[in-house]
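**Q** Please put together the full structure from these sequences, using the hints given.
Line by line, the protein sequences are chains A and B.
If you read the first sequence in UniProt numbering, its first letter stands for residue 1, the second for the next number, and so on.
If you read the second sequence in UniProt numbering, its first letter stands for residue 1, the second for the next number, and so on.
Worth double-checking, as some hints may not be accurate.
Identical chains share a label here; the pair holds if one copy fits it or two copies do between them.
Stated by the list, open to error - Derived SDA-like pairs: lysine to any residue, alpha-carbon spacing no greater than 25 Å straight-line:
(1) Lys267 to Leu284
(2) Lys331 to Asp138
(3) Lys267 to Ser336
(4) Lys331 to Ser166
(5) Lys331 to Arg244
(6) Lys267 to Glu304
(7) Lys267 to Glu149
(8) Lys267 to Pro71
(9) Lys331 to Arg159
(10) Lys267 to Val335
Rather than coming from a laboratory, the hints here were simulated on the basis of the structure.
Protein chains: 2
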Amino acid sequence: MNEPRGRIEEGVVRVAGDARQRYYDARGYGRPIEGNEIALAPVEAAHLLFRGDLRVEDMDFPAFVRRFEDPTFLVRYLVYADLRERGFYLSPAREGWVSDPPADAHFVVYERGSGPWDDERLYELRVAGEREAIGVADLPGALAVVDEESEVTYFEVERPTMNGSSTGFSGTVEADLLADRAIAWDPPEGLFSAAFYGQPLSGRQGADGPIQLSLLEAAYLAERGSLSTDGSILERGRAVEGERFERRLAVYTALRERGVVPKTGFKFGADFRVYADVTSVDDLGHSESLVRALPPGCARSPRELSLDVRLAHGVRKRMVFALASANDGTKPTFVSVGRLTP
Amino acid sequence: MNEPRGRIEEGVVRVAGDARQRYYDARGYGRPIEGNEIALAPVEAAHLLFRGDLRVEDMDFPAFVRRFEDPTFLVRYLVYADLRERGFYLSPAREGWVSDPPADAHFVVYERGSGPWDDERLYELRVAGEREAIGVADLPGALAVVDEESEVTYFEVERPTMNGSSTGFSGTVEADLLADRAIAWDPPEGLFSAAFYGQPLSGRQGADGPIQLSLLEAAYLAERGSLSTDGSILERGRAVEGERFERRLAVYTALRERGVVPKTGFKFGADFRVYADVTSVDDLGHSESLVRALPPGCARSPRELSLDVRLAHGVRKRMVFALASANDGTKPTFVSVGRLTP
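**A** Structure follows, in structure tokens:
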């Protein structure tokens, strides 16, 4: 074996000899320290060790993994190795390895053909095991989840604007509040057919008859002075759904005010499916996104995330999380999470 | 208006005259009481009233709905009307309307062309609003959920046997317990390739190298004396996942013992995807089902149910809920829920 031998110092593996040329310049591992010496982060050293391209003291790969065992080491290693196998260079997001290391990410992944020398970043990547809850609000641009069988699933994260150009409703409507829904027995023209509030009580063919409104739709219209009823819709909403009702109303309101029409996402297991440009119900486009309303500090299990994203992908929609407080006037934040194939 | 007029008595609507011929014999509404008189349940009467085929005292439809307002009336009415519009006859699952009324259902839906006279049952149907939690264990054969916008989604419910003919593993394996997974550095032949335990540490091409096992796989093998490791896998599982680990292990065990191979369902947001007849990993069939492990008395929100079922349908799998206690020796119960288009 002619491979260089590294030594562990202060939690990194230092390699001298021709290490800089061999590992850093040629293949993007580690960071130069002095002369030709480099420092390898444990995941980097583990990968070289596993491939037989490096020796570390007298340890074999299992011994090295045990040496660095902390609950996240193996998970980070698995993602590092997976991306390397896919042909990417990547660096740990730590001081010395990358400039301005992102606080919310574990790795910086470079564009294909790029590496730590030119720092052309493709993703800033968070890594999580499937048993860790994930705060949706502060996700970087990409997330890798290692499941219990050590398979890696990648997600991309964006902050969509959620704007549209839908027709509003400027008339007034009277409705009966019945249990957890409202019915407009004699609705004004356009309430359903143009502005897409409610559903006809007797199916699509009954668009001129009574219209059922969801509590959210009714509450939104009532708050704008466009709907009158006997009793408080907001109170009924709180009674049947608690705080969740107000959070969903905050999201509903924000979407409507951006010209986007939210309708129930029940069939997709989401709070809403949304349409950006509704001018007529007879001419609805494809609804582009599914929206789930969550509290701002909400942590989701990776499995819940995976379920939502997979479903949305399967129905050609974008999965959007709307982080909203219960009606405190703060605007919701929108975070979309999609599938990523690196 | 020549429609008969009914009167409300003890919570039902009684109609005399030619009511039996007109409503029951011809169209399956109500139940005969004496001579030509019939009793209509409120949903039945509401439907006739809405269609203009009946008068009830001096009430119009809104007044009638308000009169019978209880939190579930409108929801049951919407399902009743929807099925009627689809051409089905159905009866409330109550004494007098049907024989042996099922306790866990709201309606008996008859085969097309059949009705209350011949009692050929197509479904026993539970109705729920989307805000009611649903106990999975005691669902009848069909479920209708009315969402907040009053759309109805139907589900069918079965009790699958979950049997298979997969190859087991009868050897022994040594593994290292590392954080929340186990690694067999030098696994015996067939552990992965025939019995489909674990995943190669370095991808599919590395099937002869180290194999990573999930904690569940390792715990199952260890309990059967097929795996040795330093430390208790069950304790590690409990430490990282709590009671859920034992529940999932009970389900994993039951499936393996029926010849079915459970692998992670993470990419589908489920606990497991399962394969019924594995003899070689190189020749895996389609995994037929997704399995979610739940506590026996677990109530799911209809939206969660909708999400699971929709996703499973989209990937051509059956959604199965495995109701299991945490390792008390009771066999799990399997309940599958699928989409239903009446």
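**Q** So, for every hint listed, does it hold in this structure?
**A** Going down the list of hints, with the structure as the test:
For the identical chains of this complex, Lys267 and Leu284 are intra-copy neighbours only, at 17 Å inside a copy versus 31 Å across copies, given an alpha-carbon limit of 25 Å. For the identical chains of this complex, Lys331 and Asp138 are intra-copy neighbours only, at 16 Å inside a copy versus 42 Å across copies, given an alpha-carbon limit of 25 Å. Taking the closest pair of Cα atoms, Lys267 and Ser336 come within 25 Å of each other both inside a single copy (19 Å) and across two copies (18 Å). For the identical chains of this complex, Lys331 and Ser166 are intra-copy neighbours only, at 20 Å inside a copy versus 53 Å across copies, given an alpha-carbon limit of 25 Å.
With identical chains, the CA atoms of Lys331 and Arg244 are at most 25 Å apart within one copy only, with a shortest distance of 16 Å there and 36 Å across copies. With identical chains, the CA atoms of Lys267 and Glu304 are at most 25 Å apart both within one copy (17 Å) and between copies (10 Å). Taking CA atoms no more than 25 Å apart as the test, Lys267 paired with Glu149 passes between copies only; the shortest distance there is 11 Å, against 30 Å inside one copy. Proximity of Lys267 and Pro71 under a CA criterion of 25 Å is satisfied inter-copy only: 22 Å between copies versus 38 Å inside one chain copy.
Within a single copy, Lys331 and Arg159 get their C-alpha atoms as close as 14 Å, which meets the 25 Å cut-off; across copies the closest is 46 Å, which misses it. With identical chains, the CA atoms of Lys267 and Val335 are at most 25 Å apart both within one copy (21 Å) and between copies (20 Å).
Violated hints are absent here; each numbered hint is respected by the structure.
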